[in-house]
Amino acid sequence: MPWSVGIRFAHASLQVLAEDHGVDLLHIKGPSVDASLLDGPRESIDADVLVRPEHVPRLLDAMHRHGWSTQYRFEDGSAFEHASTLVHPILAPVDVHRRFPGIDADASDAFDRLWSERHPAELAGVPCPVPSLPAQRLLLIVHAARSGALRHPDIRRCWVDATDTQRDEVVRLADDIGASVALAAGTGRLDEFVGEPGYDLWKVLSTGERSQARIWAARVRAAPNRRAALRTAVRLVIPNRHRMEASLGRPPSAREVASAYGTSARRGAKELLAVVRSATDRAGGRR
Amino acid sequence: MSRFVVPPRVAFVVPRTDATQVFLMALPDGPPFILTDTAAVIWVLAADGETDVARAVGDVVGVPREAIVTEVEQYLRDLVSKGLLSATE
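Each protein sequence line maps, in turn, to chains A and B.
Each residue of the first sequence is one higher than the one before, counting from 1 in our numbering.
Each residue of the second sequence is one higher than the one before, counting from 1 in our numbering.
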């Protein structure tokens, strides 16, 4: 089965599971993107859905009972802990998002806003709810910014080529759901947000910063409080056993975990420690 | 002659390639099916609402309706029995 077919079937399968189990979810990115925002067919490596946070456990339970297994838990993924990856023997992998990086409003409130403006799009012949056009523009811009891809065609189509009215719609939505900094990072206006929470993080992400230590430090500084900052810092320096297990296909041995610590250390432990300490202090002093 | 529709819990993809193919899957668990060549043509025409599928298929492949009607109608019954089409009248 072609990969593109497996992705569409994965979207359709999730939609049916969502309807059967009373789960609100929005299909995002990949083949769910509106044709007006594309130059041609859009292919992905997985299917992405954004789920009402309160419904995530129900969806995961339903997926597990229908042949899906968890490859990466939320805490195994990016430092944003935003998505869990599930795999299936036949279908393409699915990234279940409980929040979208760059949207800083309460995840449930943000979902409510996106959900209230949804409309159906057909995926594999099945009507699937997708975000409004302004929301799709925003998500694509923010996603490209997070990857440091400021010249990405998505940004050109969703922002550079947009009318003033279309841009205003995106800006208003971003203001409402706490995505103004991330949007600014993707649209060359980040300097308007110097000193705001998240500025440093989106500066390093959107400019393709290569120093892993600086990226980690910015993530720690963007944490909302001291506890979150410490958790972020700890996660960033400790090898993730679950991710190692997924990569190895078996539980890592003690020696392999120790080796992973050593590898981290060789990446410049002194520099990392200094910036994480500095960032943690700053985050702790802010609130 | 019957009219056919795609059942609500069947996903389908007609890839944008030169190959005459249709991928079908009962939701949510499958398994997926692939129809090729004339089988794909029959499913697509039926799913598109053709009431005389045999005539429409004959027009596509260039043979008289009478030469294929028995096989086409048998195949449509087969698709219905597999749950990949629903007959509405």
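Just so you know, not all the hints are guaranteed correct.
What the hints assert, rightly or not - For each label pair, taking beta carbons as the anchor points, the in silico distance ranges come out as:
1) B/32 / A/192: 44 to 52 Å
2) A/164 / B/3: 47 to 55 Å
3) B/62 / A/250: 34 to 42 Å
4) B/9 / A/172: 36 to 44 Å
Rather than coming from a laboratory, the hints here were simulated on the basis of the structure.
Note that beta-carbon positions come from the ideal geometry of N, C-alpha and C, so glycine has one too.
We went through each hint and held it up to the structure:
Checked against the given bound of 44 to 52 Å, the beta carbons of residue 32 of chain B and residue 192 of chain A, roughly 49 Å apart, stay inside it. A C-beta distance of roughly 48 Å is found between residue 164 of chain A and residue 3 of chain B, which places it inside the suggested range of 47 to 55 Å. At roughly 58 Å, the beta-carbon separation of residue 62 of chain B and residue 250 of chain A lies outside the given 34 to 42 Å, and the hint is violated. About 38 Å separates the C-beta atoms of residue 9 of chain B and residue 172 of chain A, a value consistent with the hinted range of 36 to 44 Å.
Hint compliance for this structure: hint 3 alone is broken.
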